[in-house]
Structures are given as structure tokens and as C-alpha cells.
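Chemist: Residue numbers (my numbering), protein chains in the order written: chain A, 1 to 528; chain B, 1 to 794.
Bear in mind the hints are in silico, worked out from the structure with no lab data behind them.
Accuracy of the hints is not assured; some may be wrong.
[Claimed, not checked] So, partial list: chain B residues that the calculated Cβ filter (under 7 Å) puts toward chain A:
id	residue
1	Ala-370
2	Leu-371
3	Asn-372
4	Pro-373
5	Ser-629
6	Arg-642
7	Leu-672
8	Gly-769
[Stated by the list, open to error] Chain A residues, not near chain B, derived (Cβ > 10 Å throughout):
id	residue
9	Arg-4
10	Asp-160
11	Glu-172
12	Gln-311
13	Met-336
All C-beta atoms, glycine included, are put in the ideal place defined by N, C-alpha and C.
The primary structure of each chain is shown beneath.
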Amino acid sequence: MSPRPGFVLEVDRSTPPTLFMHGEGFRLEQLPVGSRVIYAPEALPLLRDPSEAIRQALLHPVDADPLPSMLFPGMKLTIAFDDISLPLPPMRRPDARQRVIEAVLDLAAAAGVDDVHLIAALALHRRMTEAELRHALGDRIYDAFAPRGALYNHDAEDPDAMAFLGETDKGEEVEISRRAAESDLLVYVNINLVAMDGGHKSTATGLSSYRSLRHHHNVATMRKSRSFMDQHRSELHSSNWRMGEVIRKAGVKIFQIETTLNNDTFPKPFDFLQKREWEWTARDRMTFLASSKSLARTPERVKRSIFQSIQAPHDLTGVTAGEVEAVHRITTAKVMEQQLVVVEGQTDILTLGLPYIGPYNVNSVMNPILVMCLGLGYFFNMYKERPLVREGGVLIMSHPTPWEFHPVHHPSYIDFFEQVLSETTDPIEIEKRFERSFAEDEWYRHLYRTGHAYHGVHPFYMWYWGSHALEHLGGVIVVGGDPKAVRRLGFKPASTLRDALEMAEDVVGRDPSITHLHAPPLLMAQVT
Amino acid sequence: MVVIAEALRGQRIFITGSTGFLGTALVERFLRAVPGCELVLLVRPGRRTTAQRRIEREVLRNDAFDRLRLEWGADFDAECARRIRVVGGDVGADGLALDDEGRAVLGTCHAVVHSAATVSFDSPLDAAVEVNLLGPSRIVQTLHGIGSKASLIAVSTCYVAGNRRGRAPELPVFDQPFTPDVNWRTEVTAARRLRADAEAASRMPERLAHFATEARAELGAAGTPLLASKAEKLREEWVGDQMVEAGRSRAGSLGWPDAYAYTKALGEQALLDNRGDTPVTIVRPSIIESALAEPHPGWIRGFRMAEPVIISYARGLLKEFPGIPEGVIDVIPVDMVVATVIDATARACAVATAGEPVPPPTVVQISSGALNPLRYRQLVDLVQSWFTEHPIYDAQDQPIVVPDWSFPGRGRVQGQLERGVKTLARAERAVAKLPMRGAQAQWSAKLEERREEIDRALGYVRLYGAYTETEAVFQVDNLLTRWDSLDEADRTAFCFDPRVYDWNEFVHTIHLPSVVQHARVKMAPSGRSGEQRSTRLRKQVLAPERHLAVFDLENTLIASNVVESHAWLATRRLGPGDRVRFALKALAEAPSLLALDRRDRGDFLRSFYRRYEGAPVRQLDEDAVQLLSDLIISKSFPAGFRRVREHRRLGHRTLLITGALDIVVERNLSPLFDDIICARMSTTPDGARYTGELTEAPPTGEARALIMADYADAEGLNLEESVAYADSASDLPMLEAVGFPVAVNPETRLASIARKRGWLVEQWTKAPGGPRPLLPIGPRTRRTSFLGREGAPA
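Take these sequences, add in the hints, and give me the full structure.
Modeler: Dropping the structure here:
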């Protein structure tokens, strides 16, 4: 039986309560009759023989010569790969990156290539730990490369390790890892979880620096990207593509390998979380009851470590290699196949249940800024054509939003929250007044380079990510969040969904249309 | 019939005690209301200021002179200079400690108004004896010595009458019935002897040891110089307490309410014995309180007798105050006392000018009890109704409801309060023994504050209880005779008739508004004053003009210590079994390590760092980088780190002084600070391994203050303009050396010190949500530990 496509349910009297993710927990909410609930398509079938599929992709690439023909003794080979922010949740071993890179290394070894570097293309994200690298690449690769310094995290603040390649016709500076730029071949191994990932963004963003990133990680670009998940209408995409052109013209030879995963997000027995509620079995209902009861009694810290240890059963649905743009066209189509749902018309109120994880809190804490980014940056932008919620509409998100931060991973977030958001939440003003001092701060630079901290400027990017939504929306309400933290974000706290809906009516008027984006599993709405 | 101002024209009046409450009012009134007189003020030079400067600062700048400044305008300074002469001296010393010039000036004076006294009811016996008992006699003796014929107007107190019932006439003390037969000379000798005895007793070895222990209990390992000076201070305080107690018990044994009244009474007697042919008038006021009209209604100086009691009551601290409801509280406005004294001076001068023979000594009592009595119940009702209408607000902006008094006996109130103090003191001692810091330590500081407040209330009851139980009625016949002899003009200008005012009005519209204003209590819910205070202090700390910000590390910026970093580094390369063994051993050792640390931080570090003996330099260097994330940042106080950076942004120099090792802090924290001073270990000659020995003494205790001072000197920075952040009393030398000390998450002792000295206290916490490892052991890496080479952990 082929997987069922996504669909839109209209809530009637017989509809069971709808599941809302709520950080390290979940809530069942009875949506008003007439509300719509958008469900993602079911998981696509997996590749039957992933290793063979990878081998075939490397031997028969799209618009490029087979990989073996590009490998020769004495060459400089660099393999860059996506960092801990992908996929979500982290996948079970073996990770897609491990499978692909092992295949690439086999070919390289066969061709007598011995100058190989592996770089975690993390741009301004935090450095991956030894355990995380081992998980992504496997122990064999780690033990072979890490001890001799050939496997490492990208360091965008090491002036000697960056190479300036030129400017785009719009004056955007392009600077990427010197090792990657000076290699005879750069192989980029990606995991394409959402439509924004991959393509030229892999190298132009993943291996670049603040000097480069600031040209598209800014409020103006984000507000012109509608959405940044839709490459045809994304200024972020265009900018990366212009940079990709500069990289190509500078003579950097890139062999792009992109992989796609299905949306099988939760392992048993939590797979009911991705089922449609009326299809829950008795066992699902039992599991739901038991887990919500026991979660209610579990300390936050323990809950967090339970959820953070979830490894998703999702796996490869496709692997494509070759020329960047050609590969990315195929990948994007595959992502859309898994995620796209057609939705008729916009809504007054969009409701979201925010999960415990986002790209920037793997093995970490979902702090309030990340809550904002996940809701207004990621979920809000999961649309094509038009946003799900109308202009001036209200976004209601459900998340505990604790006033908590991971001191090692997010030190500049703490200061951003205390010093910047306490003064203003306006992205333009924040960008103008504060960005530079955080971005060029010696201490944050030190923590980014030697510790495991996101770059000083990263919380700003989180805020910019939500700037399109901030401009578009008439209000944001957080259900079940820490009121103080929610207010600091500039949002309104509500203790129940019912309260939130009533508060929203003050903005959008009476009898509003309500739509719930039932994610995860991730889905993208094509709003007609 | 005397016209006061006329009688004083061209007269030069010598005044003692002009920096006091009554004295200030006297000087102002003489200057303003008696234009023809000149004043000579006897003032004791301060330790750092001259007598002249004291008059300018302590007297002429007082708000008593606002009216005169307005009247005289630009001429104020010139006029004061013309009419006031200041001479340095001391009524507590023979010959008033006058120099030749001073004696010459005294020789030109026509009258002496002696208002100097130690008015504190609980002053040490010998101090009270020197000033109150011997002061008046010294004045007449000095006058005799220079052949002066000046008259003496000596201010005494009605309470020389002692704890008696019934009428207390305007007669010399020893001419009154029921006065004990004491010889003042014997009392003087005995008081001086007591001081010497107490001094000797305080120096007995066991006493000295006790002071040293107490100092240590209060300050902890603060270093020898600080502990020594604290112990000496405690010794002096102990001697003082002994003398206070001696005064109280001697006065009590003779039937006086306190040492003040007792020494004043004997002082009168001594004066009469020594007066020779000096004309003497003794003016005895009762309890002097705020002014009725002059220089302006409600004027008061200092926090006097009734005010602290009233404020304690309004704050809800004094739930009861002993007293007899129908008893008379004999209060008299200060301006009436002033007028009485000026009138007495004028009369004495008039007699002298007229060349009349020396009259016998006269006593004038100025008090309200006989003519316009204020009953205790009435006073309490007035105070209660006023504060019910104008409540004081507490720290939470809630109005404080004043309690009803039931007029219990003194014993009961005292008993209640004493029990309260005991309980709190016990709780405080228990709390102080707990290893608390931060918010909990603040809590113990609050406990201490509360105990002190009750302690103070108890002090008031002990001190002033007798005054609310007085049943003596002070006669004012002489006063009335003098009042009747005045003409209308003088009566208007120098009113001293206690019948003219109404107590209800005086208490409600004059006295209480003035009291709350002077006490600076919160009379409106105007935001949180506590917060405003810390905000203000924080602004001072972060003012651009500061020079240097010095930080301690452990518990000031991170919630970790040298033991943890050692455990982390040592276990990083141990096998699983060894790791557990190591952790257990470390836990078992913790108490003894803690004890050593408390005794002497320097010794502790020296002995602890021995554990690094033989550790490979390269390996530790490698691992220390990972320690930044796993220990330092994980356990950091983000607000603290933010503060360091704020200082740097403001252009202040930032300096870290810590006993932690260079391998741990230097590379990891150097981007945060301009400079780091830390402990360093020497290495073996080949540079491969650490020896476990420090290259120099670790920067702890008073050494920190010295290092900081040297650093500031070398860099041309001023410590007065600098800020220091620390968490423990052992950092006291460092905190005291700077102009702006900040106690961060202070442990109990420092919390209490910071509260007393009004330092900024910061409560910095770890980031909520940060990792909380159970044991400080490093994440495993597959290489061997430096302990592995030695076998088991040292």
C-alpha cells in the first residue's frame, strides 16, 4: 500500500481531541468545531539497499563525472558534512553521513588519495563534541581521522583558515574554509530535512564566516523571503545561489551529495505521536495516558534528558550526487513529495504545538529565543505561495518556554535575552544597535572557537528568522509558557488554548477561522 | 525688669557644647535674637579637623541656620565671622585644654554657658564622670585661674532628682530630701580606678584568646592584620561595655535612673563646692525635644531619646513599651530651654554690669510636668493615631499597622524582648555554622538585622524605661517668677512658658512630622527602596570614571573550586572502576579539605596542589581546554561574566585574582580579563611534568590586597576609584582596599559585613537549565590519566 498523502481535516463534533506537542510533553486540545487540522503525508518508503543506492549515486552522478574519475593520488580531498542541527531528531546509527562518507572514503582509498580532511560544516553553530562526531560518522572514521587532526569542526573565526573568494554582483562577500577552497575536490555530504537545506547553501553557508553570512542572515533578506522554504520566492536562496556562483567561478570544484529522509519521526512506543488521533489504538491511548501521567511527575531536567535521547527511526528515501544545482532540484522534489500538503485559503488563527527539539538545541536546552525561532522562524515559514495565517492574524504556540539556557551552548543567548530583548524586540533596531558588538565580541569568539558555544551573533539570526512572521502577524500567544519569559519575547502568555483563542479574538474578530499545523512530522503547506 | 537683648548688648559669651542639640540652637538664637552680643565657642578639635572647621560644618551648616541665612543673605559668612570666635579645647581636660590665646579670649568673656555633656544615657562611667561631673568644676577653676569674674550658666537636667515620687524643687541636689549621701570626689576616684581595672582585665590571656576567637568567628580566614585589628576593636568594645555597665549599676545603686543623671547630679554638687566667687545659675531642662517655633517648628538635631522609640514603634518592632498610663512624660521643646538659658545669661550679665554683689547659686527648672503635663497614655494615643493615619511602609510597600500598647510593667517587656533576642541569636549562630551563601546567607543577614533591631528596642526599654515611669513632678517656681518679670517684647522673643502650647497639636503637627523626616523612613509606597538602593550602588560601580575592576573566581564568577578542577582533570583519563573509587575517596576527604580551607586558604592550596606532582604538562594543557566548557562555563554565573565585560566596555581595567592554577584559568579566561593573577606550579627541569609545588605564595587573604595594590600602583590606577568582587570574608582585605566593594553570593559572615557597611550585594546564579553533573569527573577519553602513572589517586 502506498503511503497516504497529507490532508486537511475539518473538526466536527465527533473529532477526538487533537494532539499538541508541548516541549518535553504534549497536550490534547479540543479544537472548536469548524477548525482545520493539517496532517503530513505518511512516511515514504525507504531505499531498499541504501549502500548500493549510495554507490550508484557516486558512480552515476547528475551532470558530473563519476566520483572515481575525479580522484587521483596526491590530490587534496575535503569532505564537508552537515552538523548536529540535522536531522531532527538525530537518527539512529548508522547515520546517513556515516554511510555516504564511508562510501566516499572507500573510493578515495581505492584511488590512492591520502590527503583527506573531514570538516563539520557548522558555520557559526557550536562545535560538535567527540560523542556527537562519533555518532554522525561512526567510530571507524572518527578514530582514523580525529587523532591526527584530519577530522575537525569548521572554525569561521580562524583568520588563517578562511579564504576570501570574491564578491557577488550584489556586493556580497564570499569567504569559505581555506582547506575546502584550496582542495582539488570538495565533497559535500548533506541531509536535506527541509526545503531550505542543501544546494549552494551547503557550502556558501556551512563553510563560511560572519563576513559572508551577514549578507543574507539579516532582517531585510528574511523579510524578502516568502518563505525561505520556497526557493523560488526566497531571497535567502537567491543570495546563496549568487555566492555559489562566485565559489564556482573561483575554481572550487564541488561534488554535492544530498540525501533525503522519510518523516518517521518517533520510535515505538511513541509512534502514536505522528498518527492521526482517531486512528489511535487502545495501546496508543494507554501509552499516551501512561506517558503524560508519568511526565507530569518527572522533573524537567529528567524529562529533557529522556526526550533528548530519542533517536528517530527515519532513514534514507533518496540519495543524489553530482553538480550542486542539478542535485538540489531532484532533492527538493523528493522533500516536497514527503512534506507538501495543499491547503485551501489562509486562516485567522494558526495554532502550533512546538516540540522539544529544534535545529539548535540538540543535546541542549530549548531556550525562549529558540522557541521564538522554532515557531515564527521555522513552522511559520513552512509554506508555499501564501502564509497559512493571514496578514494581521494570530499565531498561537504551545510550549512551556522556560527561562532556561544552556550556559555552554548558548552563552550569547543569555546576554541577548537579558540585555537586548529587555530593551526592544524590534528586529531592525536589534540589528542596528546590537548585532556588531555581539558578533565581534572577543569572549564569545573564544567560547565559539574553544568551547561548544554558538557564535555571539547567533541569537540575532534566530530573531531575524522570525522577522517575517513578526511583521506579518497581528499577535503571538504562547500557551502554557513561563509568563515572564513569554513577555520578554514580546508575546502574550495564556494558560489554556481556550484563553488563547479568546485573546486572539480581540485581534482578529469574532468567529475566527482556526487552523492547526499538526507537526511533527514536518510538513509544508501550499496555501492556495 | 530686664530687657534681655539690652542686657546682653556688648557682652561676650563663652559657650561649650555648641555642636550639640541644645548648643546649636543656643548659638543660632544668640546670633539672631541678641544682635549686640559676641560668642566664643569652645570646641574640641576633631581628629582630622580643626575646631573652626567643625563649627562651620557641624553647626553653621545645620538647618537651624536656614532662617538666619535668609535674613542675613550675602552677609551671613561675614556676620558669623565677626560675631563668632572659635577656640579649641576640651571640657574633659583640666584647664579645658586651652592654650594661652584661648585663656586670653576666655578672660574677655562676661558669661559662660556650659551646655557640653555626654548626653548618651549609656555612656561609659568614666567618660560621663570626666565631662558631666567634672566639667562644670573645671570651668570655674579655669575662670579662677585666669582671674575672670564671668558668670556661669550651667545646663543640667531635672532628673538629677533621681527616681523619686512627688515634688522635685528647684534646689541644689543635696539640699533636697532623700538624696543619698555621696562624696563626688570618692566617686571620681572610683570611676577612674574602674577604667584601669577593666583595661587590665581585658588584657588577661584568656580574654585576649576569647577576642581572637570571636574575631575569627566573625571574619573567618581574613588574614592576620585584619583579625588582629578586629580583636583589638572587640577588646576596646568590651572595656567600654564594662564601663557602661559600671555606670548603670552605680547610678542604680544610688537611686538615679542612669549614669547621665547620676553624674549630672554629682556635677552640680562639685560645681557648688568649687564655685568660689563665680556667680552660678543652674538651668535644669527635662527631656528636650523638637522646637515649638524657633528657629522653625519641629527643628531637631540628631536622633534623640524619644525618636528611636517612636520609630521602632511605628515600624512595629516595639510591640510594647513599659510605663504608667497616667504617669507624666516630661518633655520640653528645645526653644523654651534656649530662651530660659538666654534669660538666665542676661540676668547674670545685668547683675555683673550693675556691680551688684555675687548672688547665691540659683536653680531654674524648665519642664512641662507641673503646669502642662503630658500623660503617657495621651502620648501613646497621639502617636498611635498619627501613625495610623500616616503609616510607615515596609520593604514590600505595605503600610505597617501600629500595635496597641497595654502599658505593661518594665520587667515583662524586657523579659519578652530578651527572650526574642536570645532565640534569634541562637538561630543566627546555628545558621552561621551552615555552609550557606547567596540567597540563604542573605536570609541569615536578615536574621541578624532583626536580632539587632530587637536588641536596640531592648536597649531603649532598658535606657528609657525609667523615664516613662518617673513620678516626680519638677517644680518651676523660679521659672515662673522669671517669666512674670518679663515684658511683652521679651515674652514674644524669648518664650519659655510651658503653658502656651497644646500637646495634641505639638505631637501631631510639629514633633512627629519632624521625627519621620529625620528618620528618613518610607512614608509612601514609592517603589521598592531596597531595589533603588542597589540600583544606585550598581550605577556607582559601573560609572565610567572607575579605574579597575578586580574579580575573585570561585563562587564569585563560577560555582566551582580547585578541588573540582583537580578531580575533573585527574579522572578524565581513568578507567571506569578507578573513576568511581576516585570520586568516593574525594567525597570522603571533603570535610577535612573544607576545614583546612577554612583555617588558611594559602596552606590549603599549597598542600592540595601537591596532588599534581608528576602530572604531565602537555596532557593537562590539552585537557584544560575541554575543562572550559565542562566545568568553568557549565558552572559559571552568566551575570558575573556579563559584569566583567560591562566593565571592559566602560574602559575599566579588569583583573582576575585567584588561587586557581594557571593551567585552569589562564588560557581559558584570558579573553575575558585584561590581566590574570593566579597560582603557578613549577615543572621538572625538562619541563615535562609538574612538581606539585607553587612558584610563589598563592594570592589569598591579605596577599590579594597587596597584589592588587601593587598592580594598581604599577598601572597608575587608583584603588579608591576601583571595584572588587568577592564572595567570602577571607577576601575582606581585598574588598576593604577598594572604594567600591561588591559582595557576590556572600557567605554568611560576608553577608553580615556587607549589610552593615552598606555594600552592594549581587546574587548571581548559574544559568537555569545548565548541566548539573553529580560528580566532578571529566568525560572519559581513551588515554591514561596522570594519576594512572602513580597507581591510585594521591
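Chemist: For which of the previously enumerated hints does the structure constitute a violation, in increasing order of number?
Modeler: 1, 2, 3, 4
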